[in-house]
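Chains G and P supply the protein sequences, listed in that same order.
For the record, in the first sequence the residue sitting at position 6 is 6 according to this note's numbering, with numbers rising by one throughout.
With positions in the second sequence counted from 1, the corresponding number in this note's numbering is that position plus 1000.
By construction, these hints were calculated from the structure, which means they are not laboratory data.
Among the hints, a few may not be true.
What the hints assert, rightly or not - Straight line, CA to CA, 25 Å or less: simulated DSS-like cross-link-like pairs of lysine-lysine:
#1 G/Lys169 x G/Lys140
#2 P/Lys1202 x G/Lys169
#3 G/Lys351 x G/Lys328
#4 G/Lys8 x G/Lys351
#5 P/Lys1033 x P/Lys1126
#6 P/Lys1273 x P/Lys1216
#7 P/Lys1032 x P/Lys1273
#8 P/Lys1082 x P/Lys1093
#9 G/Lys169 x P/Lys1093
#10 P/Lys1093 x G/Lys140
#11 P/Lys1191 x P/Lys1202
#12 G/Lys169 x P/Lys1313
#13 G/Lys343 x G/Lys328
#14 P/Lys1194 x P/Lys1174
#15 G/Lys169 x P/Lys1032
#16 P/Lys1171 x P/Lys1032
#17 P/Lys1082 x G/Lys140
#18 G/Lys365 x G/Lys378
Unchecked claim - Stretches of chain P that chain G covers, calculated by requiring three or more beta carbons in the stretch to come under 8 Å of a beta carbon on chain G:
#19 1069-1075
#20 1248-1261
#21 1300-1312
#22 1362-1374
Quick caveat: nothing in here was measured; it's all calculated off a predicted structure.
Glycine included, every Cβ here is placed at the ideal spot set by N, Cα and C.
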Amino acid sequence: MPRSIAKKISLAALSLTMAVVLALGAASYIFTRHTLKAQIEEKLAFEAALISHRLEARLDNINNDMRNMSTNLIVVNALADSAGREMYVAPFLKSYHLPQNIPCLLTLCDFSGQPIISCQGPGQLRAYTDDALLTQVITKQLPLARLTKQGKDSNLLIAYPVFYSATGKAEGMLVIEIPLARITESCLPDLPSTSGNIFTFSSSSGEIWANRTEHSAPVVSSTFLVKAQAPLDQIPLTLTVGQNIRQAYAALTTLTGIYLVIGILILQLTFAASRFLAKKLTAPLVALTTTANQIAQESIPGSPITVVSHDEITQLASSFNTMLARLKESHDSLEQRVADRTKELQNLNLKLAAEVNERSMAEAKTRAYAETQAVLLKEVNHRVKNNLVAIISMLHQEEDRARERGMPEYQNRIQEVLWRVSGLLTVHRLLSSSEWQPLQLSQLCESVIQEAIKGLPAHQAVHLHVSPSDVHVDSDQAHYLAMILNELSTNTMKYALGDRQSASIAVAIEEQDGTIQLIYRDDGPGYPDPEQQGDSPGSGIGFHLIFGLVIRSMQGTIALTNDNGAVARITFPALVPDRET
Amino acid sequence: MGPRRAASGIIWLITIFLILSVATAIAAGPAKKPVIIGFDAEVGHTTSTSDDAIRIGILTAIREINAAGGVLGGRPLELVIKDHRSVPARGIKNIEEFAEIPDLVAVVGGRFTPVMQEEVPILHEKKVILLDAWGAADNIVDNGRTPNFCFRLSLKDSWAIQTMLNHAAKKGAKRFGVLLPTTGWGRSCEKAVKTYLAAHPKLSVTTIQWYMWGDKSLLDKYEAARNSGAEAIVLVANESEGSILVKEVAALPQEKRLPIVSHWGVTGGDFTKLTGEGINQIDFSVVQTYSFFDNRREQKLKQFYKTAGALFKISRPEDIPSPVGMAHAYDLTHILALAINKAGTTDRIKIRDALEQVRNYDGLIKVYPHPFTAERHEALEPRDLFMSRFRSDGSILRIRE
């Protein structure tokens, strides 16, 4: 194990050194390559420009020669001359030489492109009869330049019209054809240093000549547009001078070799130095590790560690010994504190268990009490309902008896009591089913009034409409309102319906600013005036009851008015504080 | 006369008119197909008037021939003109096209010798008859071909040079400087000069100076000739180069102005207009074959004026440009018409043979007892040539010697 630390340190040092060497080497290589490429590009651009200018000058010279020759009277005269023109035109044409003896075919043609004579004699007569050429040179009387294919080679063709003074028109043309490769080659430098360059000559239709046929494209190149005079400007010629990757970066190959040798030497030295230093540096650490392992194997830190050294590792050993002593002391203290705490927790658990048991018993008692209360409430509700039903039954019997005895007034009174008790039964049923929780007022109105009008004869009907409302009333208010609504319904059936076959009751409920307003209206003849005033309780037991319940029990107000029938407006607080029963 | 008789008279008149119309139409028969004569000339040449002169000569003769019943039993002659612009290549193309025209019997050639010299092979290949009304090179007719399809009613260079040098010699000149164009015409004249001098050892040529058509100055050639000791200049030129020399010599001091004897190419254009006053300031004479001012055949000339006057409002010699061309073409066309009738067909081979058989044509220039023979395709003779001079208005007057 200690050996591996030394190896790791030496490996880390080696890796770091290698990274630095590689980074420096790569940076240097990239910089050198970039600089070299820039220099090569600059040199190639200069060379391309130089050759292009040389080519432009050469092409312009040829062009000027053609222009001058086409106006030479020797040439013009030959158009009109018959046999014998060879005497002067042939020597004239043959006397024309291009630099470096570049071969050319210089031909004098007639207006139809048929050759009259050429610089290469009668054996080399070429016709130029295509329409485009004749249209340009003879019809339009303008010079023309274009590239023509001769097998694999491209020829530069320049044709100039030959004007005949007698007619003032182009009656022939002078045509020269030159192998483009030879012109280009004649413009290339012959220095050995540039012999490796790749020269490519192109037109808009593609490459037309190259001094090499290498598969790989030049990695570094410079292109220059050859700007010759008209009509040569009709052919967009470009010259590209390039170098392939091997040649362009040949200097870099040597540089790379030097970098590699230096890099390997540096790495070897670094490796050896780091191994030596690592062993020397890790020797005290190895001793410390050995001692610590011995202590660890004994599992009881009995003896202190001893290290013979004079550096930070001695301090480390001393600190390690102190740390061992403190660790032992801390361990003992911790054991004691754990025991005390455990005992305390056991006591607390006992107390908690007793409290839980006590609370469970109380809860069971409470649950039993609640169940008893519920049963009791249910029983009370049931008994109250039974009692009210019994009372109603008895009142029916009394009513039957009064009817049999012919006591209509008595019968009516019993009937009124019967209605009131039925109302109480209705509200009791509602409250029982809601377990005495607040009731929806609209539902209360609907149920009480329906119960009240249920006993009408079959030929009579009362149509009820209760406006939908979410207003709720508590159980006390429900009782009072049930009796009030019962009285109002009874009043409607007695006075509003009368002998009519049908009547209608409309109930509207509103709540605003903590006050509930209940408006009860029918379509009968309305209230007599004293009753409208609301301060005449003596008008009947019903209204006496209503006014008493509203004003005293509900601490509200009531107003009786007539508006196409009887209208009762009852207002009362949404929450009734202290109410009298 | 009552209305009924009047109506009957009208009906009779209409009936007679209809009968006469039908009878006339039947008598006239269907329109006869024309016989075509071609004219291959330098129409596009900017300064030439010789093509106009030849055209007028041909058309005047055609009018007379057609008025007299045409050829081949009533077929009219018709002229088709093609322009060679004095360029031989265009002339060759024209001959090829002429050869394809049905019932074309012959082609009349214009002034430019080089054109006709180059046309000779294609003429024989296509069997097209050339009637040379002006071109002077000997070898146009003396082409060595049998059968020969080239006929000339004009002078030829050997006669012209002989006449010119005779004239110069009569004026006292014994040494001549010769200015020739670098064309077949120039070479033809060079040969003629040498032939003539070989027969006249007392005369000599001090120098032969060659110039190009289109040269802007001939002064250096003239000076070279004068400096060589020439006493007269023999000029072979057309109107353009000839007028340049005249103006340049006229501008020299009097003592440097040599007499100039000229071939007749200068009469192919409006020469005096080109030379201006210069023509009056030097001794300039030109060879001719015919002069409308000096005609000994008055009846024929009257007939010519009558027809040409009706066609072209020509009524006096001053109205005639390049007169020799007009006279040559006029006589040539009449001789051709006689040959066509003699051949009885438009077949050119038979007409060529017939041309050699025509006899006793009474022409404008002279009476031609036998215009052409199998051995001689020249209708004129050396004795028909004479020297002339220009008058200020451009007229060409015969020099009485």
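To see whether the hints hold, each was checked on the structure:
1. G/Lys169 x G/Lys140: 10 Å, holds
2. P/Lys1202 x G/Lys169: With a Cα-Cα distance of about 46 Å, the restraint between P/Lys1202 and G/Lys169 is violated, given a limit of 25 Å.
3. G/Lys351 x G/Lys328: 36 Å, violated
4. G/Lys8 x G/Lys351: Distance of about 61 Å is beyond 25 Å: violated.
5. P/Lys1033 x P/Lys1126: The hint holds at about 22 Å.
6. P/Lys1273 x P/Lys1216: Holds, because 17 Å separates the two Cα atoms, which is no more than 25 Å.
7. P/Lys1032 x P/Lys1273: Violated, because 44 Å separates the two Cα atoms, which is more than 25 Å.
8. P/Lys1082 x P/Lys1093: 10 Å, holds
9. G/Lys169 x P/Lys1093: Since the Cα atoms of G/Lys169 and P/Lys1093 sit roughly 17 Å apart, the hinted pair holds (cutoff 25 Å).
10. P/Lys1093 x G/Lys140: Roughly 20 Å between the alpha carbons, so the hint for P/Lys1093 and G/Lys140 holds.
11. P/Lys1191 x P/Lys1202: 18 Å, holds
12. G/Lys169 x P/Lys1313: 32 Å, violated
13. G/Lys343 x G/Lys328: Judged against 25 Å, a Cα distance of about 24 Å means the pair holds.
14. P/Lys1194 x P/Lys1174: Holds, at roughly 14 Å.
15. G/Lys169 x P/Lys1032: 40 Å, violated
16. P/Lys1171 x P/Lys1032: Violated, at roughly 57 Å.
17. P/Lys1082 x G/Lys140: This hinted pair holds, its Cα atoms lying about 22 Å apart.
18. G/Lys365 x G/Lys378: Satisfied, since the Cα-Cα distance of roughly 20 Å is no more than 25 Å.
19. 1069-1075: violated (count 0)
20. 1248-1261: It is violated: at least three residues are needed, and the stretch 1248-1261 of chain P offers just 0 whose Cβ sits closer than 8 Å to chain G.
21. 1300-1312: With 0 residues closer than 8 Å to chain G, the stretch 1300-1312 of chain P misses the three-residue bar; violated.
22. 1362-1374: With 0 residues closer than 8 Å to chain G, the stretch 1362-1374 of chain P misses the three-residue bar; violated.
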